[in-house]
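Colleague: Model the full structure from these sequences, guided by the hints.
Each chain, letter by letter, is given below.
There are 2 protein chains.
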Amino acid sequence: MVNYPHKKKPTLKSTSEKTISFGKRGMSFEDDLTKSNEHYLAANKAVIHKKPTPVQIVKVHYPKRAAAVITEAYFRTPSTTDFNGVFKGKYIDFEAKETLNATLFPLQNLHEHQVNHMMAVNKNGGITFLLVKFAKFNEIYLLPCENLATFWQEYKLGSRRSISRKEFAQYGTMIPEGAFPRIDYLKVVEELFL
Amino acid sequence: MVNYPHKKKPTLKSTSEKTISFGKRGMSFEDDLTKSNEHYLAANKAVIHKKPTPVQIVKVHYPKRAAAVITEAYFRTPSTTDFNGVFKGKYIDFEAKETLNATLFPLQNLHEHQVNHMMAVNKNGGITFLLVKFAKFNEIYLLPCENLATFWQEYKLGSRRSISRKEFAQYGTMIPEGAFPRIDYLKVVEELFL
Chain Z
1 MVNYPHKKKP TLKSTSEKTI SFGKRGMSFE DDLTKSNEHY LAANKAVIHK
51 KPTPVQIVKV HYPKRAAAVI TEAYFRTPST TDFNGVFKGK YIDFEAKETL
101 NATLFPLQNL HEHQVNHMMA VNKNGGITFL LVKFAKFNEI YLLPCENLAT
151 FWQEYKLGSR RSISRKEFAQ YGTMIPEGAF PRIDYLKVVE ELFL
Chain A
1 MVNYPHKKKP TLKSTSEKTI SFGKRGMSFE DDLTKSNEHY LAANKAVIHK
51 KPTPVQIVKV HYPKRAAAVI TEAYFRTPST TDFNGVFKGK YIDFEAKETL
101 NATLFPLQNL HEHQVNHMMA VNKNGGITFL LVKFAKFNEI YLLPCENLAT
151 FWQEYKLGSR RSISRKEFAQ YGTMIPEGAF PRIDYLKVVE ELFL
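One line per chain: the protein sequences are Z and A, in this order.
End of the first sequence sits at 194 in this note's numbering; the numbers just go up one at a time, nothing left out.
End of the second sequence sits at 194 in this note's numbering; the numbers just go up one at a time, nothing left out.
You may find that some hints are simply not true.
Same chains, same names: a pair is fine if it fits in one copy or spans any two.
What the hints assert, rightly or not - Only pairs whose alpha carbons sit at most 30 Å apart, straight line, appear in this in silico DSBU-like list of lysine-lysine:
no.	residue 1	residue 2
1	K123	K50
2	K64	K45
3	K59	K35
4	K59	K45
5	K51	K97
6	K35	K64
7	K187	K50
8	K64	K97
9	K59	K123
10	K88	K156
11	K136	K64
12	K156	K45
13	K88	K59
Calculated directly from the structure, the hints in this document are not laboratory data.
Modeller: This is the structure in structure tokens:
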């Protein structure tokens, strides 16, 4: 299935088409997580990486004496989560999302495939969770898969559209801010799951 | 770092540039592994996926009323392995390569980053290995990270350029052929590591 990645969808001008340079989007939460993962790797504490953006490659141009150029490709809906890896032998798998909304996290920010993937990981003994950053408060919460599953079920039944910040505080765990690493989510993982 | 992915590098005509359609390459080993992983997932035995090809996206075109098109992107050197996931709570991570060579597997088919990644995974308690298929004999071997590390050290010192099929038979384990799944590598993983 080919579609727009919702995070990258720009406001479209109605009268013209647009070509936009990639890589200027705000990715501070993702950057902080990547830096934290680099810290864990250097400290030999865990090996956790962000997966590449899934892309359907259609045409590749091979110029003489230069690198191959992909000239036609499409974004694909991710079938798994963004981050996975190993911590103390255990499989770690999570999705990370940032919201500018002050009071709630809209569940439409997650794909059905991603939630199903998390449930399958959970059944197979992996440690899996959602990390949500409320940017206005600089608060990051870890919500375990089991809690997300309950909320997701209500979402699929139509009785829920979002998870409130209050619910994250109640059912999740706040990740304390630090310096090295900036987001020490494995500390919370260790307390909750190991 | 941007470069040619060696598997996909075509024979270049010296007088002209070429644009080649992607997706027609022989990928039977990878396809068989993907089907085996789908079998494991459906049987709720493991959750293992191939990571997307790492691509550096430079330009995206957003046409009106149609899916976003990536119009300029480059292949990146993979910093990790192709496959990872969870089996009985344990982290599984491996690279899969096919060779048409009858007697040996050239070590230049692996990236330094990938081998370093496998060693880091190993140190952190993950299960990691190399799968190599000798296509002429339809033989698939699993070589544990520790053995690969020894061969790789000799390769870096210049005293070795490849791993022979005999060495795979001696230090690795052959994956028996099957029907469902076609490549039951987790059976060997269970015998060797769990």
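Colleague: Run every hint past the structure and note whether it holds.
Modeller: Against the structure, the hints come out as follows:
1. K123 to K50: Intra 22 Å, inter 20 Å, cutoff 30 Å: intra and inter.
2. K64 to K45: Result: close neither inside a copy nor across copies, 44 Å intra and 47 Å inter.
3. K59 to K35: So K59 and K35 pass the 30 Å test across copies only (25 Å; inside, 33 Å).
4. K59 to K45: Intra 40 Å, inter 36 Å, cutoff 30 Å: neither.
5. K51 to K97: both (14 Å within a copy, 20 Å between copies)
6. K35 to K64: Neither: 37 Å inside a chain and 36 Å across chains, both beyond 30 Å.
7. K187 to K50: Cα proximity of K187 and K50: in one copy and across copies (19 Å, 28 Å).
8. K64 to K97: Intra 41 Å, inter 27 Å, cutoff 30 Å: inter-copy only.
9. K59 to K123: neither (39 Å within a copy, 39 Å between copies)
10. K88 to K156: Between copies only: 29 Å across, 35 Å inside.
11. K136 to K64: Neither: 49 Å inside a chain and 32 Å across chains, both beyond 30 Å.
12. K156 to K45: between (38 Å within a copy, 26 Å between copies)
13. K88 to K59: This pair counts as neither: shortest intra-copy Cα distance 41 Å, inter-copy 39 Å.
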